[in-house]
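Protein chains: 2
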Amino acid sequence: MPRPSLKEQIVVAALETLHRKGFNATSVQDITDAAEAPKGSFYNHFGSKEDLAVEALDRYWQRILGSLKSLSDEKVPPLPRLRAYFSRLSRIASAADYSSGCFVGNMSVEMSNQSRMVRERLALILAAWTRAITSCVREAQADGSVRQDADAKIIAEFLLNSWEGAVLRSKVDKDAVPLDTFEKVTFDLLLK
Amino acid sequence: MPRPSLKEQIVVAALETLHRKGFNATSVQDITDAAEAPKGSFYNHFGSKEDLAVEALDRYWQRILGSLKSLSDEKVPPLPRLRAYFSRLSRIASAADYSSGCFVGNMSVEMSNQSRMVRERLALILAAWTRAITSCVREAQADGSVRQDADAKIIAEFLLNSWEGAVLRSKVDKDAVPLDTFEKVTFDLLLK
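Heads up: the sequence lines are chains A and B, in that order.
Numbering follows numbering that gives the first Met the number 0, with no gaps: position 138 of the first sequence is 137.
Numbering follows numbering that gives the first Met the number 0, with no gaps: position 125 of the second sequence is 124.
Heads up, some of the hints might be wrong.
In this list, chains with the same sequence are indistinguishable; a pair is considered to hold if it fits within one copy or across any two.
Said to hold, decoys possible - DSBU-like, lysine-lysine: derived pairs with alpha carbons at most 30 Å apart:
{"id": "1", "residue 1": "K191", "residue 2": "K74"}
{"id": "2", "residue 1": "K191", "residue 2": "K152"}
{"id": "3", "residue 1": "K183", "residue 2": "K152"}
{"id": "4", "residue 1": "K74", "residue 2": "K6"}
{"id": "5", "residue 1": "K38", "residue 2": "K6"}
{"id": "6", "residue 1": "K152", "residue 2": "K74"}
{"id": "7", "residue 1": "K6", "residue 2": "K68"}
{"id": "8", "residue 1": "K183", "residue 2": "K74"}
{"id": "9", "residue 1": "K74", "residue 2": "K20"}
FYI, nobody ran anything at the bench for these hints, they're computed from the structure.
All chains should be built: construct the whole structure from the sequences, respecting the hints.
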């Protein structure tokens, strides 16, 4: 296997470190140390820590896109598919001991006020994520398994935002209750 | 009017600065500058920036408690009272141009991994906030205006967490859509 490029090593280390510690608590040195890269190499590849944060977000979005494939898997009916999608996200949060949260949510809270560039990337990611959920909700409305008295996009926006809120709460309480509550309320009460 | 004590000036300035910029982007010097206090005075009153963050959270909680009074106002039926409560929070977010978000939500995301002391205070605040909403939901279930097929506490937890998620999204999108969507989906679809 070829050795990953130095730039690649830095992006991978940045995503892990920024996700765990946040933007402002992470120095360029923290990232280059984690990447086992010389600190001086950083500015050969990135204009700023903000530029790198955008690259880390893009990398995280690639992971989300990977998980979103299951949301368009037509072998599974759309409502169970949607529920399984959020269950899977819960298992990922649980495996991380509810400590890191969602990198998109974390950056949304920490950086929206601080960096226009990061905020605009977050807006694109959240819009694309919403569209993927909207498609699945729309399919579920079409087969009659989800209520049809509300626009699929409105429901999808609400689901994604509420999910982010549940993850936020699970970071504080360090347990699955907020995620279980999200699943129970949305799937057993709201969508029916 | 008596001049506020130096400690009081620092707490007020800290809440404003930490709410707007976050914990790690704010230095002790930023806070003492905002308070027009000598930097050296900080450690006469606070053991650390973390200690001050907890005091700022307590101060913010006092504000939340003030707004929560309307949630137990028996002159208004419980469901319109609950809706008016969240509408009022939306107006506060709008007046701040969706830029600062909720201080409790911001600290939850930024500090849960970094400070056990801050996280434990956040857990207490979120639990007390949930209890206030639970009481109002329970009243609304008792008068038949909210669905009775779910525990009031589960619904209240979901509402508060989803609200925090909506505020998070409104920080990114810089508009009211996530807050309007929260209100529409919870009050027109979920609770009925």
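Run the structure past the numbered hints and jot down the numbers of the failing ones, going up. 4, 9
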